[in-house]
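A.B. asks: Residue strings, one per chain:
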Amino acid sequence: MIIEILQQMLNGLAIGSVYTVIALGLTVVFGILGIAHFAHGSVAMSGGYLTFLFGERLAIGFFPAMALAMLVGAVIGLLIERLAYRPVRDAPHINAFIIALGLTMMVEGINLLAFGADQVVIQTPYRGVFNVGGVAVAELRLLVILTACTLIGVVALLISRTKTGKSIRAVAQNRPAAVLMGINVNRVSAIVFSVSSALGAAAGALVGALLAIAPGVGEGLAVKGFAVLILGGLGSIPGAIVGGLVLGVSESLAAGFISSAYKDVIAFMVMIVVLLFRPEGLLGKR
Amino acid sequence: MNKLARSIAAVSAALACLGAAAADKELLIGVNDSLTGPGAVYGLPQANAVQMAADEINAAGGIKAGGDVYKLRVIANDDKANPTEATNSVRKLIDRDGVKYLLGFCCSGPTSAVASFIERENALMLVGNAAERAITAKGTPNLFRTRPPADFTGAAAGAFVGKRGAKNIAVIGSLDVGFYTQYLEAFEREFAKAGGKIVAKETFGLKDRDMTPQLTKVRALNPDALLVLGYVEPSAFVYRQATELGMTIPRYGFTSGSEEQFLRVATSEQMEGVWDLRPTELTVEALADNAKTYVANYTKRFGTPPSPSSPYAYDQVYVLKQAVERAGSAEDPKKVTAEVRKVTVPKEAVMKYLPVGGTMFDVNGQAYTSNGAFQWQKGKWVYVSDLPSDPALYSEFLRGLRK
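Chains as they are written, first to last, in our numbering: chain A, 289 to 574; chain B, 29 to 431.
If you're looking for bench data, these hints aren't it; they were derived computationally from the structure. Ideal Cβ placement from N, Cα and C applies to all residues, glycine included. Do not take every clue at face value.
Claimed, not checked - To spell it out: a stretch of chain B is covered by chain A in this simulated footprint if at least three of its residues, at any positions, have a beta carbon under 8 Å from a beta carbon of chain A; those stretches are: (1) 232 to 241; (2) 295 to 309; (3) 337 to 349.
Claimed, not checked - Cβ-Cβ distance ranges computed for the label pairs, FRET-style: (4) A/Ile546 - B/Phe330: 23 to 31 Å; (5) A/Ile546 - B/Ala162: 24 to 32 Å; (6) A/Arg345 - B/Lys225: 48 to 56 Å; (7) B/Ala87 - A/Val363: 49 to 57 Å; (8) A/Cys437 - B/Asp123: 53 to 61 Å; (9) A/Ala549 - B/Gly95: 27 to 35 Å.
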């Protein structure tokens, strides 16, 4: 029984770490610019498709292909910020909301046109299985967790330790004051979107390697990402990390011990229960 | 004068040619299948197979019926494995395109939706890979199916696994899909006769890709074997994730996927030893020369080998050809339908059909193929043995469901 619980938790951690990477991309955009970037899931799917494409065409291995896809993802993020969101930055919130919805359909449509409707699974050479006290640890799952941890660490360092990070935090705290202090808000906004989309692309690649990417998967990921965001606390980076892992593990435990048909229901019930007692989310600020 | 005579001769020859061309009639075939989405692994190869058979018949001069020669033209519509899309697609084929002969139909959900209204239409419907029993259980007069129902195969599979000595088996599959539960019911009945017991029934959705929670649960029960019932892609994930969880028990399944389709998800090492207990579909070792020619032609034409179940649709075209020849015309679908009842297994058929009462289709409009046990060995499906099945007995049972 203990081994089963540990195994289920490990299964959940692999999926949860992907949710965390997705939510991290969403939370930096939301925390800093206040935009609910629904198209993030579709951008993540583009990242997965690109990783597959680079891996197949250039034969460069999974991680270099993922890095290239993250670069392209960053450029996509820049374009999205410049062409879609910046023009409505000072307009009422509903405008950005509608643009976010439209953008989701557009990116999903572009993915469909560019990569087709078939499911894509990114093949990796990481097929080993280790047995740790009866718990099977698949090499690929371990690498997914480690990659997610690395990405989370890099983003945390970027925000907490660099000058760019300081200006990002300043804009998040008080945009008018940041402008008065000479911070270029346009630059900060562009950086945030490129970082967010690069993270999204990485999450897409991890989903593609662990499971599969196909039309519709991105929307599901965005929904999970927002659930994590609310669970962890809007705009909170530690909240996204904890929220993602809690969601992944509770899904896995629910599927294993109750029923796979109810795994989403139970995961969202956990979210509702948490919000009943902590409306600001697990690590959100009051 | 000479010039005039030559001109007249040329014009007469041209008119004669025109006359001959006008005698060629067109027989429109409407293919409704899942060309995209989760069913595309079955539907797209079926649509390709129909096109290939139609082109072969056209290249050989078309279908000669009565005094007419029919050339085949195929229109293929995508139902995305969705019942509403299938209904719309078939309505368009019948109402807008004037199609009277409907072929394809790989997936049970959309096929059942069309089967529910096809009796009222002046059209003939030939169903391929869709395995839900109810499709032919009603005995719809203008509907015929080339693939045997899932439970016909499930019973044979249960007896086979029981004979191999498994006592406790865990099932993981799309158990909210009718034909998989029918397969499982028949499997369980025969497996119990051999002293076996099902210790777990775990479900996954058609679009689920992470089955590790269910597999972890199953692993804790220490079963002797695993039975996987589902579409190719989720099943391939189950096989892959079972190895990732260190499970080494025998894995049996009911999926009908090709090597290429499985290898898109799992590696050959992860698939090694997996059994597929299904109708004796396309495997060169299991079938006759027609299958070899079919595989070669299909691969040459589409650049990829055919899926194991695609010949169900290929064979439909030759069933239609024989029925039209017997009817002497393709103008009246009712006459052609009456002749489909009498067709014998076409000599071009790729699958190994087991005729009931001398004809290819029984009174329910159902054809039967033999069932087989296939095992993944070193990168490919190898036909290991036949699974004993009794089509006459099953036909009676299916007929009995109508009462």
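A.B. asks: Compare the structure with each hint and give your call.
C.D. replies: Here is what the structure says about each hint:
no.	hint	verdict
1	232 to 241	holds (count 9)
2	295 to 309	holds (count 3)
3	337 to 349	violated (count 0)
4	A/Ile546 - B/Phe330: 23 to 31 Å	44 Å, violated
5	A/Ile546 - B/Ala162: 24 to 32 Å	31 Å, holds
6	A/Arg345 - B/Lys225: 48 to 56 Å	50 Å, holds
7	B/Ala87 - A/Val363: 49 to 57 Å	50 Å, holds
8	A/Cys437 - B/Asp123: 53 to 61 Å	58 Å, holds
9	A/Ala549 - B/Gly95: 27 to 35 Å	60 Å, violated
Going through the hint list in order, the structure does not satisfy hints 3, 4 and 9.
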